[in-house]
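Kindly produce the complete structure, drawing on both the sequences and the hints.
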Amino acid sequence: MAPQNILVVGATGQQGGATVKALLELPDSSSRFHILALTRDAQSERAKRLVSENKGAVSLVEGDNSNPKPIFASQPKGSIHSVFIVTALGGKVSEEKQAIPLIDEAVAHGVKHIVFTSVDRGGDERSWSNPTNIKHFVSKHNVEVYLRDKADKEGGKFTWTILRPVGFMDNMNPGMMCSVFTAMWTAGMSPDTKLQLVGARDIGIFAAKALSDPAKWAGKAVALAGDELTLAETKEIFQRVVGKKIPQTFTIFGRGMLWGIKEMGDMFAFFEKEGYGADIEALKREAPVHNFESWLREESKWPKN
181 MAPQNILVVG ATGQQGGATV KALLELPDSS SRFHILALTR DAQSERAKRL VSENKGAVSL
241 VEGDNSNPKP IFASQPKGSI HSVFIVTALG GKVSEEKQAI PLIDEAVAHG VKHIVFTSVD
301 RGGDERSWSN PTNIKHFVSK HNVEVYLRDK ADKEGGKFTW TILRPVGFMD NMNPGMMCSV
361 FTAMWTAGMS PDTKLQLVGA RDIGIFAAKA LSDPAKWAGK AVALAGDELT LAETKEIFQR
421 VVGKKIPQTF TIFGRGMLWG IKEMGDMFAF FEKEGYGADI EALKREAPVH NFESWLREES
481 KWPKN
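Mapping of the sequence shown onto the numbering used here: position 68 corresponds to residue 248, and the numbering continues sequentially without gaps.
No wet-lab data here; the hints were simulated from the structure. Incorrect hints may have been included.
[Stated by the list, open to error] Derived pair list, reagent style DSS-like, types lysine-lysine, alpha-carbon separation capped at 30 angstroms:
{"id": "1", "residue 1": "K374", "residue 2": "K249"}
{"id": "2", "residue 1": "K481", "residue 2": "K464"}
{"id": "3", "residue 1": "K315", "residue 2": "K330"}
{"id": "4", "residue 1": "K272", "residue 2": "K201"}
{"id": "5", "residue 1": "K315", "residue 2": "K453"}
{"id": "6", "residue 1": "K374", "residue 2": "K424"}
{"id": "7", "residue 1": "K257", "residue 2": "K396"}
{"id": "8", "residue 1": "K400", "residue 2": "K415"}
{"id": "9", "residue 1": "K464", "residue 2": "K442"}
{"id": "10", "residue 1": "K396", "residue 2": "K415"}
{"id": "11", "residue 1": "K249", "residue 2": "K315"}
{"id": "12", "residue 1": "K337", "residue 2": "K400"}
{"id": "13", "residue 1": "K453", "residue 2": "K235"}
Here is the structure:
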């Protein structure tokens, strides 16, 4: 039997790249799947490297997911079995406009399973009824509801899985983001409030599970996390593993970010008052997800102590 074509949106980005990697690491992946890696620029170094490092297993598809007709027109109708969708925060096009037209075209093309990566909003059940007041959380909630309702209306033409990551451990990699994120955490949350975190690698692992076994994952919406820590616990683990204090810019700068950027302030208020709700122990029974320490040691770009 010919390998199934899986279209991965954002294949050169963080979550899409992790999904491609996880798919290729599955047993017998070369005979089971062929990955169509969607990228805006097929001539970029990342795109060319993705193909050269995975000869025969990955093909590039150049296109914009907010204008999906040419993407699917470039492939024979019915030839794409599954699609992984990730949307970009803060772009010129809203997240709904990035995802919903793509969903419609995928279904019209004959795609059988769609995996959408969203955001957790308080646990698997609560997230359905809790869009929150955070702009990009609301956008992802709207896409989730559209995907679920379209599947119902289409009467079994396709199935779906929704993955809901929590805060990204990858924000703690070297760079300005780490310093600013730590300052906002200091300014925006009480010392005893815990924040759930997940590594991009683990998002890719669960996406690959859903794409490779749709029957098991159809109709499921799952929050993804690997650890739950206070800032003090995060700092202690970082110091022990990396051998120095976690970078942090001035707390007043973090406070200014939360005040000046409403969406950021709303998000940290959500962390403080409601919080993510992933069932970490259940996830561990499904896959060996990273806690913060193992992520630092095995995945992060920090030199190790």
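Checked hints:
For a cut-off of 30 angstroms, the pair hint linking K374 to K249 is broken: about 43 angstroms separates their Cα positions. Distance restraint check for K481 and K464: the Cα-Cα separation of roughly 24 angstroms lies within the 30 angstroms cut-off, and the hinted pair is therefore satisfied. Between the alpha carbons of K315 and K330 the distance comes to roughly 23 angstroms, so the proposed pair stays at or under 30 angstroms and holds. Annotation: proposed proximity of K272 to K201 holds, straight-line Cα distance about 28 angstroms (limit 30 angstroms).
Pair hint K315 plus K453 holds up; C-alpha atoms about 17 angstroms apart against a cutoff of 30 angstroms. Only pairs whose Cα atoms come within 30 angstroms are accepted, and K374 paired with K424 is accepted, the gap being roughly 22 angstroms. A C-alpha spacing of about 25 angstroms is found between K257 and K396, which places the hinted pair at or below 30 angstroms, so the restraint holds. About 34 angstroms separates the Cα atoms of K400 and K415, which puts this hinted pair outside 30 angstroms; it is violated.
Using a Cα cut-off of 30 angstroms, the hinted pair K464 and K442 is violated, with the two alpha carbons roughly 34 angstroms apart. A distance of roughly 38 angstroms separates the Cα atoms of K396 and K415; the hinted pair therefore is violated under the 30 angstroms criterion. The hinted pair formed by K249 and K315 meets the criterion: a straight-line CA distance of about 27 angstroms does not exceed 30 angstroms. A threshold of 30 angstroms between alpha carbons decides the hint, and for K337 with K400 the separation of about 17 angstroms falls inside it, so the pair holds.
A distance of roughly 48 angstroms separates the Cα atoms of K453 and K235; the hinted pair therefore is violated under the 30 angstroms criterion.
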